[in-house]
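These protein sequence lines map, in sequence, to chains U and F.
When we follow the numbering used here, the leftmost residue of the first sequence carries the number 20, and every step to the right adds one.
When we follow the numbering used here, the leftmost residue of the second sequence carries the number 1382, and every step to the right adds one.
Calculated directly from the structure, the hints in this document are not laboratory data.
From the three backbone atoms N, C-alpha and C, an ideal C-beta is built for every residue, glycine too.
Each hint should be verified, as a subset may be incorrect.
Some chain U residues flagged as far from chain F (calculated, every beta-carbon gap over 10 Å) [as the list claims (entries may be wrong)]:
| # | residue |
| --- | --- |
| 1 | M20 |
| 2 | D33 |
| 3 | W44 |
| 4 | V48 |
| 5 | K54 |
| 6 | D63 |
| 7 | K67 |
| 8 | H70 |
| 9 | F79 |
| 10 | I85 |
| 11 | R86 |
| 12 | K87 |
| 13 | T92 |
| 14 | Y100 |
The calculated DSSO-like cross-link candidates involving lysine-lysine, where the alpha carbons are at most 30 Å apart (straight line), are [said to hold, decoys possible]:
| # | chain 1 | residue 1 | chain 2 | residue 2 |
| --- | --- | --- | --- | --- |
| 15 | F | K1776 | U | K87 |
| 16 | F | K1776 | F | K1855 |
| 17 | F | K1776 | U | K98 |
Derived contacts from chain U toward chain F, CB cut-off under 8 Å, selection only [what the hints assert, rightly or not]:
| # | residue |
| --- | --- |
| 18 | E34 |
| 19 | D35 |
| 20 | T55 |
| 21 | G57 |
| 22 | Q59 |
| 23 | L61 |
| 24 | I81 |
| 25 | M84 |
| 26 | P120 |
| 27 | C123 |
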Amino acid sequence: MPTLEIEGRTFEVDEDGFLQDPDLWNEEVAKLFAKTEGIQELTDEHWKVVHYLRNYYLEFNIAPMIRKVCKDTGFKLKKIYELFPSGPAKGACKVAGLPKPTGCV
Amino acid sequence: MELHNLSKPQDLMNIDLNKTPETPWMDTPVNFRDGTYIYPAAGKNLKRLGLPNPREWSPTDEDWKLPDNWKEIIMKGLKERLDKYRSFRLFMDICVRCGACMDKCHFFIGSGDPKNMPVLRAELLRSVYRNDFTTLGKMLGRFAGARELTVDVLKEWFYYFFQCTECRRCSVFCPYGIDTAEVTMIGRELLNLVGLNINWVMEPVANCYRFGNHLGIPPHGVKDMWEFMVDDIENITGINVNLPINKKGAEILFVTPSGDYFADPGTYTCMGYLMLFHEIGLDYTWSTYASEGGNFGLFTSHEMIKRLNAKIYAEAKRLGVKWILGGECGHMWRVIHQYMETMNGPADFLEAPVSPITGTKFENAKQSKMVHIMEFTADLIKHGKLKLDPSRNRKVRATYHDSCNPARAAGLLEEPRYVIQNVCEDFFEMPENTIREQTFCCGGGAGLGNDENLEMRMRGAFPRANALRHVQDKHDVNRLLCMCAIDRATLTALTHYWAPDVSVGGIHELVANALVMDGEQERTEDLRGEPLNEEEEE
């Protein structure tokens, strides 16, 4: 299992750097993972997306549809890419500690 | 890996197909280069499925942590399969290495790697077969094209059997009808026996086994996604469409890939199904248990195909439906047409499918009891049951990508074209040696559609993209249509890289755009929420 070391803390991650154990996630962890995405500071707008994803995941065991993220946060897709340069699935979901989706996607 | 990390398209294609390798193929070791191989299955997924040798490992490691008796396991597995599948034994014996298949593979065309010639890909396994199972091979060894199975051979199998999308284009050109995809399938089965599998296949399989779909969406999650689409449809049409879920006693069970619920642009196609079924008043149901049309068992082993396909029929029985309607999925149709009856059949608790709207008997589906939605919709249109306004798709200049399995495994060639031409005014075919039975693969089927393999995907995508560019340049084509969820995901990367400005979508998205619904408000937006007319954009 690959590991990722950020500021002295070590996490088990998959090959693309997604956190393996979703239960380890908290806001401190989010800040550390944001750095791996090149995001130095999480603003209120970042947190709005991250908390939305996190809560959806805890309720439904899956990331929300991207269009639903846009609708429920009020951010256009372009804005989400500005906040998370790798995009909603690979960037925002990683910061929110969600696993990577697989299948016909 | 991301698209922007790749070389520019013109550099990626700077390959010399005439260059001869420096060493004979048996002496050329496999090179696990980033961007061209796939991550191994996580141990947890193998444990969930009860498959052998769960562990964490990487193809770039020297030690693959194989069981001590790995060779014995593979040889025993090979013998069993030679005895069980006559086709496989035939394919091992009959090839005369004529080379007709050589340049038919999209991965060979896009990579120039000789081991991606279908003949040589099969030879990777055939050489071991000759060595241990034929007199000539036993006597003459390498002179007879035989070689011993070693760990290096196993590594080569892993790399190249997961560099084949099982699309079967090569088999169209084989004078003996050798189905190289079946060789790949057996190759993967053998690898699975010692725990050599890829995560992009095994995680969907494990999810499907536990949750009913590849993405691992639990029932309330699936429901939430469908309800979101119902809301979107109401915004666009003013109509609150029916959403029957797990409805016992419905006439028809509808099954489609979970990619259609979850990921754009498949979601627009999924909205299309909902709108069509509402408009014709179909007595049907969605299921949160049989919530996946795809079957990644097909990319694992025959046993796994059977295990996953069983759920669709178990659910049909539980709900007491008459027959099953399947959505715009690709490889599902290979499973249903080629394997269903012998694996999970007979489905004698269901009835031979009859369209409740037109009365058409689907004779071709008498055995599987499962009808493809393109047959169903083409029949509706043919009988004049749908009111269609193709001008609502006037911004779309479409071409159609035949998905490998519906085209080559199920012969669905005319139905999609008939439907497209009834809902869209501007339709242009790609060159004839790249469509229908000769269609080129998207480059990402059979479990290869992941990001870590992106360079090889884009190489394999090149022949399809080249044909697409042709109609883009000649006819200003701006939409690549397909009826497969893997396509809808992988072709999006293909167009982004090779043919920017072409979008990808399913066919029922366009059907629903054109569908004039009873009591609808004036449509100003298409299903993507974009204005119907150019002028309205300003």
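Taking the hints in turn, this is what the structure says about them:
Listed as outside the interface, M20 of chain U is inconsistent with that label: its C-beta sits roughly 5 Å from the nearest C-beta of chain F, within the 10 Å cut-off. For D33 of chain U, the shortest C-beta to C-beta distance to chain F comes to about 7 Å, within the 10 Å cut-off, and the non-interface label is violated. With a closest Cβ-Cβ approach of about 18 Å to chain F, W44 of chain U is found to remain outside the 10 Å limit, as its non-interface label requires. No beta-carbon of chain F is positioned within 10 Å of the beta-carbon of V48 of chain U; the least distance is around 20 Å.
Distance check on K54 of chain U: its Cβ is at least 18 Å (rounded) from any Cβ of chain F, clearing the 10 Å threshold; non-interface status holds. With a least beta-carbon separation of about 25 Å from chain F, D63 of chain U lies farther than 10 Å from that chain, consistent with its non-interface assignment. Listed as outside the interface, K67 of chain U is consistent with that label: its C-beta sits roughly 19 Å from the nearest C-beta of chain F, beyond the 10 Å cut-off. At roughly 18 Å, the least C-beta separation between H70 of chain U and chain F is larger than 10 Å, which holds for a residue marked as non-interface.
Here F79 of chain U does not stay apart from chain F, with its beta-carbon only about 4 Å from theirs, under the 10 Å limit. The claim that I85 of chain U is not at the interface with chain F is violated, since a C-beta of that chain comes within 10 Å of its own (minimum 6 Å). Against chain F, the non-interface label of R86 of chain U is violated: not every CB pair exceeds 10 Å, the least being about 7 Å. Not every C-beta of chain F lies more than 10 Å from that of K87 of chain U, the closest at about 5 Å, which undercuts listing it as non-interface.
Against chain F, the non-interface label of T92 of chain U holds: every CB pair exceeds 10 Å, the least being about 14 Å. Annotated as non-interface, Y100 of chain U keeps its C-beta farther than 10 Å from every C-beta of chain F; the closest such distance is 13 Å. Restraint check for K1776 of chain F and K87 of chain U: the C-alpha separation of about 25 Å stays at or below 30 Å, so the hint holds. Between K1776 of chain F and K1855 of chain F the CA atoms are separated by roughly 17 Å; this keeps the pair inside 30 Å, and the hint holds.
The suggested pairing of K1776 of chain F with K98 of chain U holds, with an alpha-carbon distance near 26 Å, which does not exceed 30 Å. Residue-level restraint check for E34 of chain U holds (minimum Cβ-Cβ distance to chain F is 5 Å; threshold 8 Å). A hinted interface residue such as D35 of chain U counts as satisfied when its beta carbon comes closer than 8 Å to some beta carbon of chain F; here the least separation is about 7 Å, so the hint holds. The beta carbon of T55 of chain U comes no nearer than 14 Å to any beta carbon in chain F, farther than 8 Å, and the hint placing it at the interface is violated.
A cut of 8 Å between beta carbons decides the hint on G57 of chain U: the least distance to chain F is about 13 Å, and the hint is violated. The interface hint given for Q59 of chain U is violated, since its Cβ lies 20 Å from the closest Cβ of chain F, which is over the 8 Å cut-off. Given hint, L61 of chain U at the interface with chain F, is violated; its Cβ is 22 Å from that chain's nearest Cβ, farther than 8 Å. Against a cut-off of 8 Å between C-beta atoms, the interface hint on I81 of chain U holds, since the closest Cβ of chain F lies about 5 Å away.
Checking M84 of chain U against chain F by beta carbon gives a least distance of about 6 Å; that is within 8 Å, so the hint holds. For P120 of chain U, the interface hint holds, since its Cβ comes within 8 Å of a Cβ in chain F; the closest pair sits about 6 Å apart. A least Cβ separation of about 3 Å between C123 of chain U and chain F falls short of the 8 Å threshold, and the interface hint therefore holds.
Hints 1, 2, 9, 10, 11, 12, 20, 21, 22 and 23 from the list above are not met by this structure, while the remaining hints are.
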